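Asks: The hints should help you fit chains W and Z onto chain C, whose structure is shown.
For the protein sequence lines, the chains are C, W and Z, in the order given.
Going by my numbering, the first residue of the first sequence is number 1, and it counts up by one from there.
Going by my numbering, the first residue of the second sequence is number 1, and it counts up by one from there.
Going by my numbering, the first residue of the third sequence is number 1, and it counts up by one from there.
Derived from the structure by calculation, the hints contain no laboratory data.
Hints are supplied without guarantee of correctness; some may be wrong.
Unchecked claim - Residues of chain Z placed beyond 10 Å of chain W at every Cβ, according to the derived structure:
1. R80
2. L110
3. D133
4. G145
5. H157
6. R199
7. K217
8. T221
9. A233
10. V258
11. R264
12. M266
13. R269
To be verified - To be clear about the criterion: a stretch of chain W counts as covered by chain C if any three or more of its residues have a C-beta under 8 Å from a C-beta of chain C, and this derived list gives those stretches:
14. 6 to 16
15. 40 to 49
16. 53 to 59
17. 184 to 193
18. 213 to 226
19. 229 to 242
Stated by the list, open to error - A few chain W residues facing chain C, derived, Cβ under 7 Å:
20. I37
21. L62
22. P63
These numbers come from a predicted model, not from an experiment.
Using N, Cα and C, we set each Cβ at its ideal position, and we do this for glycine too.
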Amino acid sequence: MSEPLPISFLSDFGLNDEFVGVVHGVIARIAPEVRVIDVSHGVPRGDVRSGALSLMRAIQYLPEGVALAVVDPGVGTDRRAIAAETSWGYFVGPDNGLLSPAAAIVGGSLRAVTIENPELILPSSGATFDGRDRFAPAAAVLASGQATLDELGPKVHPDDIVPMMLPLPEVGEMSIEGEAWWIDAFGNVQLNAGPDELRQIGVSVGSTVDVVVGPLKRSATWVRSYGDVEEGAPLLHVDSTGMLALAVRGGSAADFFVLRPGGRVMLRRP
Amino acid sequence: MSEPLPISFLSDFGLNDEFVGVVHGVIARIAPEVRVIDVSHGVPRGDVRSGALSLMRAIQYLPEGVALAVVDPGVGTDRRAIAAETSWGYFVGPDNGLLSPAAAIVGGSLRAVTIENPELILPSSGATFDGRDRFAPAAAVLASGQATLDELGPKVHPDDIVPMMLPLPEVGEMSIEGEAWWIDAFGNVQLNAGPDELRQIGVSVGSTVDVVVGPLKRSATWVRSYGDVEEGAPLLHVDSTGMLALAVRGGSAADFFVLRPGGRVMLRRP
Amino acid sequence: MSEPLPISFLSDFGLNDEFVGVVHGVIARIAPEVRVIDVSHGVPRGDVRSGALSLMRAIQYLPEGVALAVVDPGVGTDRRAIAAETSWGYFVGPDNGLLSPAAAIVGGSLRAVTIENPELILPSSGATFDGRDRFAPAAAVLASGQATLDELGPKVHPDDIVPMMLPLPEVGEMSIEGEAWWIDAFGNVQLNAGPDELRQIGVSVGSTVDVVVGPLKRSATWVRSYGDVEEGAPLLHVDSTGMLALAVRGGSAADFFVLRPGGRVMLRRP
Numbered sequence: 001m002s003e004p005l006p007i008s009f010l011s012d013f014g015l016n017d018e019f020v021g022v023v024h025g026v027i028a029r030i031a032p033e034v035r036v037i038d039v040s041h042g043v044p045r046g047d048v049r050s051g052a053l054s055l056m057r058a059i060q061y062l063p064e065g066v067a068l069a070v071v072d073p074g075v076g077t078d079r080r081a082i083a084a085e086t087s088w089g090y091f092v093g094p095d096n097g098l099l100s101p102a103a104a105i106v107g108g109s110l111r112a113v114t115i116e117n118p119e120l121i122l123p124s125s126g127a128t129f130d131g132r133d134r135f136a137p138a139a140a141v142l143a144s145g146q147a148t149l150d151e152l153g154p155k156v157h158p159d160d161i162v163p164m165m166l167p168l169p170e171v172g173e174m175s176i177e178g179e180a181w182w183i184d185a186f187g188n189v190q191l192n193a194g195p196d197e198l199r200q201i202g203v204s205v206g207s208t209v210d211v212v213v214g215p216l217k218r219s220a221t222w223v224r225s226y227g228d229v230e231e232g233a234p235l236l237h238v239d240s241t242g243m244l245a246l247a248v249r250g251g252s253a254a255d256f257f258v259l260r261p262g263g264r265v266m267l268r269r270p
Numbered sequence: 001m002s003e004p005l006p007i008s009f010l011s012d013f014g015l016n017d018e019f020v021g022v023v024h025g026v027i028a029r030i031a032p033e034v035r036v037i038d039v040s041h042g043v044p045r046g047d048v049r050s051g052a053l054s055l056m057r058a059i060q061y062l063p064e065g066v067a068l069a070v071v072d073p074g075v076g077t078d079r080r081a082i083a084a085e086t087s088w089g090y091f092v093g094p095d096n097g098l099l100s101p102a103a104a105i106v107g108g109s110l111r112a113v114t115i116e117n118p119e120l121i122l123p124s125s126g127a128t129f130d131g132r133d134r135f136a137p138a139a140a141v142l143a144s145g146q147a148t149l150d151e152l153g154p155k156v157h158p159d160d161i162v163p164m165m166l167p168l169p170e171v172g173e174m175s176i177e178g179e180a181w182w183i184d185a186f187g188n189v190q191l192n193a194g195p196d197e198l199r200q201i202g203v204s205v206g207s208t209v210d211v212v213v214g215p216l217k218r219s220a221t222w223v224r225s226y227g228d229v230e231e232g233a234p235l236l237h238v239d240s241t242g243m244l245a246l247a248v249r250g251g252s253a254a255d256f257f258v259l260r261p262g263g264r265v266m267l268r269r270p
Numbered sequence: 001m002s003e004p005l006p007i008s009f010l011s012d013f014g015l016n017d018e019f020v021g022v023v024h025g026v027i028a029r030i031a032p033e034v035r036v037i038d039v040s041h042g043v044p045r046g047d048v049r050s051g052a053l054s055l056m057r058a059i060q061y062l063p064e065g066v067a068l069a070v071v072d073p074g075v076g077t078d079r080r081a082i083a084a085e086t087s088w089g090y091f092v093g094p095d096n097g098l099l100s101p102a103a104a105i106v107g108g109s110l111r112a113v114t115i116e117n118p119e120l121i122l123p124s125s126g127a128t129f130d131g132r133d134r135f136a137p138a139a140a141v142l143a144s145g146q147a148t149l150d151e152l153g154p155k156v157h158p159d160d161i162v163p164m165m166l167p168l169p170e171v172g173e174m175s176i177e178g179e180a181w182w183i184d185a186f187g188n189v190q191l192n193a194g195p196d197e198l199r200q201i202g203v204s205v206g207s208t209v210d211v212v213v214g215p216l217k218r219s220a221t222w223v224r225s226y227g228d229v230e231e232g233a234p235l236l237h238v239d240s241t242g243m244l245a246l247a248v249r250g251g252s253a254a255d256f257f258v259l260r261p262g263g264r265v266m267l268r269r270p
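Just chain C, same shape as in the assembly (with noise of 0.2 Å):
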């Protein structure tokens, strides 16, 4: 038998409630020998946009594996559970799109299926908790090795595996038109635009866009790193997962450019 596979498991569960312990626990019973990494419980509720993308951030730098996740707002509807496979290891969750981002950057689906074997699902007295009753185990089982791919239920093609579609910035001659992405729990504000768009504009490290959020103008340095501004400052880099973000040494760029996730921003050469 081969080594047991870790389960990197990323969702919008929070910790308040036992749902994260209860996915554990259905794993630990079907296989207790697998390693379960918590990517992260505090995606926004239901919100799969930021779901896929903290996924699509993380996945390699996760262990080889399978990525178990689940933001599902769609549970109870017919919405598809599938389950993948990659070059880098198996997908489980919803169709909803949550998972496609992440795939992609490892190369894309190579087989696909959704999880319909019963034997495969915990029955429930009541509604479905698809994350405890049919991902989970679904997971359990590929990690360690009780099932393959194929056994989880009928094929579907990776074409047909719902897609996250992503903004992409509107690069103009002398300013990109984009979008808050993620706003990190230091305030930082990625945006859905990288070094590439920058450099169209005519703007290199050192210069200072305008950042215009609504009626708000403010500027930023383009800066490598935060020591190269004084603390306080507002400053433009390429953050540690190679996309633009705004941040301010020692402060909440979210506060100081007025951002939430999802917001517009301009950057526009002055």
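Replies: For chains W and Z alone, kept in the frame of chain C given last:
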């Protein structure tokens, strides 16, 4: 020597302090081979009933072993510290009703002791932190087989363990007077009643009932799953733990019905 | 080969983003056999002193191995990244005082290096995320024995590690002028003074002292445990880490005494 048992750990410690980490540390120092599953540490502070309900809902999904639960507003008083054996495994925690519903679900306590053996209690330079000094070591030695139940302290008759009084709903001819037991992070409101009570008042799946909270009357349809109502609509269903729950598809039933834990609710046949 | 060491991980990353999960992932990719214990990730953002105090309180309860701590407002500046060896094990983190109190508690650093070996640092496509790219790999290789301390980078003299200046209380004839060091999730307020200081001003167990916070004067009785006062009453006691703490039985001392971390408190013999 037998296989080490996993420990499932629930508390109201929260995750902002190092309390949970210290308990993990104490267990790892005594029994490095034992795995610890965090059930939840988000039980409202000092709310023994909420903790008891959470552990009761989770227990059947946790791997057989040791349940370590600490919601202990009476720490530093003469409330007893107990360990009990059940057919599921061991329960360790304060004798304040916290463990009783979960222990009952798995068939009740077979044997019990108070944790008093000074050799198995960590010394403290100040006030006792029983989670760290008494409960964690007890759980660790039981899980690793380093001590038997009887070595922890003197026997207690299982009937002398403090029970948890859970309020029963009052079922009339046309209405159920009950209570909000649990409001989860999604705003779902679990009631202290099940589908049988609803059938007793002549309501069946597909019917609509009045939901009366104080002066406010709203209605909800009893459905099998979220997908049976429109986005934003209220519903009543048997939740994933087998109890009746109010929900709103894509929304918060706690907000919609203006309910908080412990709030009174009347379900009435219209 | 020797047994892998456990890693105890503390940070101010919070649990809403995937930062903590990514650090776990990096460690699992490098050293899958190493266990990671989360001490806490709820240190107030950028609050190096709170993080240092938390690690200091926890260290003696954590299994000997590697302490990985990241509260790093100076990331991206020229502050150093260090690894130190103590009789407890290794400490890995920024050289900003975060590690110093805990290292002192276990006898001080015996040897130290700056983490600079490029072969042991992950490449980043943008700004450095040292928790992920530098500290996690260093902790993983030390814990698994894949590298020695000296292989991480050039030696630093332990005396050159940045210390943490902790304010000492001023003890007069009748009063102690001190500070709130830590307010835990239950509202208990730990002071930067111990029982010896209280005895110096002529106060003994059972006595009542004035607690003066700004213009507000309240009083509290020095007791051994919560059970020695009535529900709702304030108390002063030696807490479970050996320091003086203000508490309210069944309530919040932070609210009662109107204290926040860092707030000045005077204890006075009446």
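Asks: All the hints need checking, so say for each whether the structure fits it.
Replies: Hints and how they fare:
| no. | hint | verdict |
| --- | --- | --- |
| 1 | R80 | 25 Å, holds |
| 2 | L110 | 21 Å, holds |
| 3 | D133 | 24 Å, holds |
| 4 | G145 | 16 Å, holds |
| 5 | H157 | 30 Å, holds |
| 6 | R199 | 14 Å, holds |
| 7 | K217 | 25 Å, holds |
| 8 | T221 | 14 Å, holds |
| 9 | A233 | 13 Å, holds |
| 10 | V258 | 19 Å, holds |
| 11 | R264 | 22 Å, holds |
| 12 | M266 | 21 Å, holds |
| 13 | R269 | 21 Å, holds |
| 14 | 6 to 16 | holds (count 4) |
| 15 | 40 to 49 | holds (count 3) |
| 16 | 53 to 59 | holds (count 4) |
| 17 | 184 to 193 | holds (count 3) |
| 18 | 213 to 226 | holds (count 3) |
| 19 | 229 to 242 | holds (count 6) |
| 20 | I37 | 5 Å, holds |
| 21 | L62 | 4 Å, holds |
| 22 | P63 | 4 Å, holds |
The structure shown violates none of the earlier numbered hints.
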